[in-house]
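Produce the entire structure from the sequences given, and follow the hints as far as they go.
Okay, here's what each chain looks like letter by letter:
Number of protein chains: 2
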Amino acid sequence: MREITLKQIAETLGISITTVSKALKNYPDVSPKTKKAVLDLATSLGYTPNSFAVNLRTKESRTIGLIIPEVVHHFFSSVIDGIIAEAEKNGYLVIILQSNESLPMEKKQVELLLNKRVDGIIMSLSNDSNDDDHIKDIIRKEVPFVMFDKISKLIPCSKVIIDDQKAAFNAVQHLIQKGCSKIAHIRGPVNPQNAIDRFLGYKKALEKHNIPFDSKLVYTCKNVTFEEGKAFAKQIIEEHPDVDGIFVITDLVAVGVLAYFNDANIEVPKQVKVIGFSNWFMSQVITPKLSTVDQPSFDMGVASFKLLLEEINAKKDLLSFKPRTVELDTSVIERESTL
Amino acid sequence: MREITLKQIAETLGISITTVSKALKNYPDVSPKTKKAVLDLATSLGYTPNSFAVNLRTKESRTIGLIIPEVVHHFFSSVIDGIIAEAEKNGYLVIILQSNESLPMEKKQVELLLNKRVDGIIMSLSNDSNDDDHIKDIIRKEVPFVMFDKISKLIPCSKVIIDDQKAAFNAVQHLIQKGCSKIAHIRGPVNPQNAIDRFLGYKKALEKHNIPFDSKLVYTCKNVTFEEGKAFAKQIIEEHPDVDGIFVITDLVAVGVLAYFNDANIEVPKQVKVIGFSNWFMSQVITPKLSTVDQPSFDMGVASFKLLLEEINAKKDLLSFKPRTVELDTSVIERESTL
Numbered sequence: 123m124r125e126i127t128l129k130q131i132a133e134t135l136g137i138s139i140t141t142v143s144k145a146l147k148n149y150p151d152v153s154p155k156t157k158k159a160v161l162d163l164a165t166s167l168g169y170t171p172n173s174f175a176v177n178l179r180t181k182e183s184r185t186i187g188l189i190i191p192e193v194v195h196h197f198f199s200s201v202i203d204g205i206i207a208e209a210e211k212n213g214y215l216v217i218i219l220q221s222n223e224s225l226p227m228e229k230k231q232v233e234l235l236l237n238k239r240v241d242g243i244i245m246s247l248s249n250d251s252n253d254d255d256h257i258k259d260i261i262r263k264e265v266p267f268v269m270f271d272k273i274s275k276l277i278p279c280s281k282v283i284i285d286d287q288k289a290a291f292n293a294v295q296h297l298i299q300k301g302c303s304k305i306a307h308i309r310g311p312v313n314p315q316n317a318i319d320r321f322l323g324y325k326k327a328l329e330k331h332n333i334p335f336d337s338k339l340v341y342t343c344k345n346v347t348f349e350e351g352k353a354f355a356k357q358i359i360e361e362h363p364d365v366d367g368i369f370v371i372t373d374l375v376a377v378g379v380l381a382y383f384n385d386a387n388i389e390v391p392k393q394v395k396v397i398g399f400s401n402w403f404m405s406q407v408i409t410p411k412l413s414t415v416d417q418p419s420f421d422m423g424v425a426s427f428k429l430l431l432e433e434i435n436a437k438k439d440l441l442s443f444k445p446r447t448v449e450l451d452t453s454v455i456e457r458e459s460t461l
Numbered sequence: 123m124r125e126i127t128l129k130q131i132a133e134t135l136g137i138s139i140t141t142v143s144k145a146l147k148n149y150p151d152v153s154p155k156t157k158k159a160v161l162d163l164a165t166s167l168g169y170t171p172n173s174f175a176v177n178l179r180t181k182e183s184r185t186i187g188l189i190i191p192e193v194v195h196h197f198f199s200s201v202i203d204g205i206i207a208e209a210e211k212n213g214y215l216v217i218i219l220q221s222n223e224s225l226p227m228e229k230k231q232v233e234l235l236l237n238k239r240v241d242g243i244i245m246s247l248s249n250d251s252n253d254d255d256h257i258k259d260i261i262r263k264e265v266p267f268v269m270f271d272k273i274s275k276l277i278p279c280s281k282v283i284i285d286d287q288k289a290a291f292n293a294v295q296h297l298i299q300k301g302c303s304k305i306a307h308i309r310g311p312v313n314p315q316n317a318i319d320r321f322l323g324y325k326k327a328l329e330k331h332n333i334p335f336d337s338k339l340v341y342t343c344k345n346v347t348f349e350e351g352k353a354f355a356k357q358i359i360e361e362h363p364d365v366d367g368i369f370v371i372t373d374l375v376a377v378g379v380l381a382y383f384n385d386a387n388i389e390v391p392k393q394v395k396v397i398g399f400s401n402w403f404m405s406q407v408i409t410p411k412l413s414t415v416d417q418p419s420f421d422m423g424v425a426s427f428k429l430l431l432e433e434i435n436a437k438k439d440l441l442s443f444k445p446r447t448v449e450l451d452t453s454v455i456e457r458e459s460t461l
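These protein sequence lines are chains A and B, in that order. Under the working numbering, think of the first position of the first sequence as 123, with each following residue one higher. Under the working numbering, think of the first position of the second sequence as 123, with each following residue one higher.
Hints in this document: simulated from the structure, not taken from any laboratory. Be careful, since some hints might not be right.
[Claimed, not checked] Chain B stretches covered by chain A per the calculated footprint, using a threshold of three residues with CB under 8 angstroms from any CB of chain A:
| no. | segment |
| --- | --- |
| 1 | 197 to 204 |
| 2 | 210 to 220 |
| 3 | 406 to 418 |
| 4 | 424 to 435 |
The C-beta atom is built at its ideal place from N, Cα and C for all residues, glycine as well.
Below, the structure is given as structure tokens:
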């Protein structure tokens with residue numbers, strides 16, 4: 123990049139560098155005429171202030187870091203959408219890193235962002251995260267920090283969540299109200315808090331409606347994929363042909379379940395009812411349309427950035443900041459798969 | 123953030139700041155013992171080099187900017203995936219901005235990234251882009267720059283593209299080979315080069331197979347949405363009940379077409395065959411499964427970053443760089459909607 127410096131502007135106009143600098147910052151002790159001359163020349167030369175130098179002075183990068191498990195994922199891409207929209211509104215840029223559900227990658231990325239001196243970090247943990255030294259490092263360095271969706275309950279930071287247990291309870295209760303009495307659960311991996319909470323919600327709903335819990339009806343995803351949904355659907359029907367309802371950890375996996383049932387001519391919702399979680403776009407376009415739990419992903423992004431900005435601003439003003447948890451509402455969306 | 127400076131390390135160890143700095147950079151003229159003491163203390167204090175200061179010295183930010191029309195979009199999120207993966211491999215961070223298909227937003231974002239002094243910019247134009255002063259600004263400032271997918275032919279920069287015309291030709295020829303003789307086209311908006319090229323490919327295929335072109339069979343999307351697909355499907359069947367094939371600009375819109383046909387009991391592929399473009403994930407899970415053109419989105423991201431890095435490195439070494447265009451292959455994927 124051809125660097126146009128204050129020096130060149132000063133030399134061209136025959137004034138001091140200090141005056142040029144003051145003029146660009148609109149100091150009152152520079153005459154309007156000089157200001158105009160400097161601004162006009164700066165504009166015509168395409169001068170842009172050196173943001174590194176500005177950063178060094180203000181210690182602000184106006185950039186935040188975002189670490190998420192994956193981008194090609196309807197839920198996460200909607201959250202990103204919300205974060206970028208809100209950041210943009212407030213003049214912040216967003217560096218996005220994806221951990222690909224790997225803990226070593228996640229650790230490296232936290233280190234990168236800390237080295238980069240971002241003004242704050244927003245994060246959703248990878249499924250592998252069962253150790254949180256790298257997260258504690260963020261807290262120790264007093265970098266503003268917000269977790270959303272996949273959080274660690276042990277970390278004292280702001281969080282944006284839904285009540286996964288309650289949402290799962292409502293989904294399973296919906297199946298029961300539709301007449302299901304033998305309900306399988308395809309759950310998420312062992313570590314993530316939200317997989318644990320959804321499983322607990324499933325158990326609670328059975329309990330409330332006097333349906334005995336049977337651990338053999340619980341199937342655990344490793345990678346939370348479409349293919350796993352297909353494979354588990356087959357296994358469930360083979361092992362428990364009388365299952366009449368399935369609560370699935372997320373829509374992507376539930377769509378796999380429906381794909382297998384379609385291929386195998388198992389009628390949904392007649393023989394088995396299926397409900398997913400997250401309300402992915404594709405859930406409303408497949409056959410049968412999938413009932414699910416709506417999770418406000420865009421709003422989750424907006425709320426995460428807002429919380430982060432509160433903390434960034436408090437820090438700037440040397441005020442103390444008490445981490446807060448924002449809980450967003452969910453709702454069961456009834457479609458064809460549970461009619 | 124509590125700032126741990128070289129000064130503190132120097133004072134604690136009773137050595138000079140220069141020695142600390144040299145030790146951290148592994149200079150040969152510092153004894154291994156001193157190096158170890160500095161590194162140990164730096165690590166235990168959680169010292170991270172101030173990246174702003176490093177940036178100022180090297181004029182490298184190791185950060186690139188990416189501007190895309192939208193994140194919640196299967197094609198773009200896969201490209202992002204490829205870009206982030208390749209950037210990560212090479213030690214670069216990616217700032218992602220979305221233009222929301224708005225030209226004023228796109229201009230503002232280019233300015234932001236230039237002010238931020240990113241090492242390079244990758245971009246796919248918004249549908250609104252019909253003026254390219256802001257793009258010329260990137261070139262004028264000699265910032266390494268790559269365009270992908272939605273490009274402007276007039277800008278002298280590296281590009282990663284597919285041959286949209288050929289890909290569309292193949293898609294329409296596929297419909298013809300399957301027996302279609304009255305083929306409608308739901309095209310993209312007026313400005314984007316890829317919408318124009320796909321339209322030209324459609325025309326060419328008709329021409330080659332001696333099917334007269336009829337402009338009344340061409341329907342133009344404004345927002346390229348699922349809802350537009352539904353609305354156009356209805357309009358096409360009402361206005362031209364004998365249409366037996368539809369080539370749709372992208373899968374999202376084609377899925378809307380199928381949704382309307384399913385609701386209206388119009389049989390696909392029996393009465394009308396439908397082919398989309400881009401091979402979104404959902405195309406293989408809907409009923410009927412959608413035939414489409416596979417576009418290597420992840421590879422497009424990887425190729426874009428590689429080209430950008432070539433230019434960044436050439437610039438660093440003060441070598442001249444000649445922009446190149448990389449063209450990736452596409453293929454027709456036959457599924458149920460054109461059987």
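Hints, one by one, checked against the model:
1. 197 to 204: holds (count 4)
2. 210 to 220: Three-residue rule met by the segment 210 to 220 of chain B, so holds; n is 7.
3. 406 to 418: Our answer is that it holds, as 3 residues pass the Cβ test (under 8 angstroms) against chain A, meeting three.
4. 424 to 435: Three-residue rule not met by the segment 424 to 435 of chain B, so violated; n is 0.
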